[in-house]
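Given chain A, put chain B in place with the hints provided.
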Amino acid sequence: MNQLSRRKLITTALGATAGVSGIAVAARLAGRNGLTPPAWHGIFGPGDTVTYSAQRLMTRHTMARPFSREQISKTPFANEIAPPTGEFNRLQAGGFADWRLVIDGMVARPASLSLADIRSYPSRTQITQLVCEEGWSYVAEWIGVPLRNVLEAVGVLPQAKYVFYQSIEKGWAASIDMADALHPQTFLAYGMNGGELPVGFGGPLRMRVPRQLGYKNVKFINRLTVTDSGPASVPPGGYSWYAGI
Amino acid sequence: MADSVAPRHTTTVRVTHWVATLCFFALLLSGIEILISHPRFYWGEEGNIHVKPLLTLPIPASRATVPTGYGYVLPDQNGWSRSLHFEAAWAVVLSGLFYVLAGLSDGHFRKNLVPARADLSGRALSESFADHVRFRRPGEAAAASYNVLQRFAYLAVVFVLFPLTVWTGLAMSPAIVSIAPSVVTLLGGHQSARTVHFFCTILLVLFVLVHIGMVWLSGFGNRTRAMITGHVAEQRVVTQGEHP
Chain A
1 MNQLSRRKLI
11 TTALGATAGV
21 SGIAVAARLA
31 GRNGLTPPAW
41 HGIFGPGDTV
51 TYSAQRLMTR
61 HTMARPFSRE
71 QISKTPFANE
81 IAPPTGEFNR
91 LQAGGFADWR
101 LVIDGMVARP
111 ASLSLADIRS
121 YPSRTQITQL
131 VCEEGWSYVA
141 EWIGVPLRNV
151 LEAVGVLPQA
161 KYVFYQSIEK
171 GWAASIDMAD
181 ALHPQTFLAY
191 GMNGGELPVG
201 FGGPLRMRVP
211 RQLGYKNVKF
221 INRLTVTDSG
231 PASVPPGGYS
241 WYAGI
Chain B
1 MADSVAPRHT
11 TTVRVTHWVA
21 TLCFFALLLS
31 GIEILISHPR
41 FYWGEEGNIH
51 VKPLLTLPIP
61 ASRATVPTGY
71 GYVLPDQNGW
81 SRSLHFEAAW
91 AVVLSGLFYV
101 LAGLSDGHFR
111 KNLVPARADL
121 SGRALSESFA
131 DHVRFRRPGE
141 AAAASYNVLQ
151 RFAYLAVVFV
161 LFPLTVWTGL
171 AMSPAIVSIA
181 PSVVTLLGGH
191 QSARTVHFFC
201 TILLVLFVLV
211 HIGMVWLSGF
221 GNRTRAMITG
231 HVAEQRVVTQ
241 GEHP
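Each protein sequence line maps, in turn, to chains A and B.
Residues in the first sequence are numbered from 1 upward in steps of one, following our numbering.
Residues in the second sequence are numbered from 1 upward in steps of one, following our numbering.
So that you can see chain A by itself, here it is in the shape it has in the complex (with noise of 0.2 Å):
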């Protein structure tokens, strides 16, 4: 081994040295600030990472993209999901009148909301485009309330960091952080389009996260709660956790 190439040896070294901690330094940064997705799976730990901290950063406060009322679909698209259950054609038989949404978890005053508590918080809306993983989307008018004031109403305690929530549909659950779930379009939506919200877009109630891909809007909710530790795995079919892209 010649005298260059030692040097460049030794070089390489240090530089590999530094890199490696300079990554540990940054994901114990990362960790501490609240700028690591809670689950991951295995290799592609680093990459979801990076993008849960790179979105954070970049968009803590920014608000979704707003569309015009002539741009609304005509041509929403429900997509088809399994049929709802015995229990949910029960509660629809029913008008619905019996539809609860349970809050729980790391709040101070636990609730049991009716569709008629939740309509009683002031509306409000947003029109937005709704963007499936798969690749199509729409565009429609949401009519609902701010998931934060309903949290604010419930006393969300200062260790929360996520909440869950819950389809009366097994298996249909998802979760978001305190900066999406306080943000002011994270919507508890019951209207579409000026109307009800239909049952093929999640009727009655449904989560609308604008600034995160379609599955993370939820449909059918009837539980929310909120915790301090992130889910303790990635959702089904090993799908990110974070679906900002």
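Bear in mind the hints are in silico, worked out from the structure with no lab data behind them.
Source: prediction; values computed, not measured.
Hints are not guaranteed to be accurate.
Chain A regions said to be covered by chain B (calculated; three or more residues, Cβ under 8 Å) [what the hints assert, rightly or not]:
#1 12-23
#2 41-48
#3 51-61
#4 119-126
#5 205-217
Distance ranges between label pairs, derived from CB positions [said to hold, decoys possible]:
#6 B:Val-160 / A:Arg-69: 35 to 41 Å
#7 A:Gly-45 / B:Ser-145: 29 to 35 Å
#8 B:Ala-64 / A:Asp-117: 35 to 41 Å
#9 A:Ile-10 / B:Ala-64: 37 to 43 Å
#10 A:Arg-69 / B:Pro-67: 41 to 47 Å
Examples of chain A residues toward chain B, derived with CB under 10 Å [claimed, not checked]:
#11 Arg-32
#12 Leu-35
#13 Ala-116
#14 Val-131
#15 Gly-244
Backbone N, C-alpha and C fix where the C-beta goes; we use that ideal spot for every residue, glycine too.
Okay, now just chain B, sitting in the frame of chain A:
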């Protein structure tokens, strides 16, 4: 002196070349997986099975909701495909940025990629073009630098096609466009971005096929060796006095 001969390709070019190669195939494979969940393309903001497509690929889909004319549905592999796609995207974008910064500072673009003025005459261009269509194999001396058409192809990929692919990819992110809506509105909408992203992929695949064909034609072993070790075989024999 063993190291007095300048390498055919610098370490930066060699490392970023192979990082890009690995990422390209990861992105292509995962991109195809994601694409088959909705093999239809649209223009503007809106696109779903109720909207008339601009283009439909004659392939089956991995979603039962998409009408394809096939009687079966492919398995859904989008979960890991999406994660692989974005991880490889980060790797190729970061190594690409490093390549561009290094190329600007060490003169790689000026010396090796920007065509010489003499090569831009109509006559020089048509000669180079004629060499290519006749599949004329360059000598080792000619292969020691890039020819004029090759330079244009590399410049187009590095400075037009690759950035456009990254841009149209980012334009599909609902979080990214919340920072700057013009990222997607300049392209004509979410579906336009997706369509352009697809055509960028087609062009990149064509480039890679032609690139491999040209490498094959000009001596696969030597060209590949130069991109791995930095040197072609003859140079090693001459300069290091090793036995062949």
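Looking back at the hints listed earlier, which ones does the structure fail to meet? 1, 4, 7, 9, 10, 11, 12, 13
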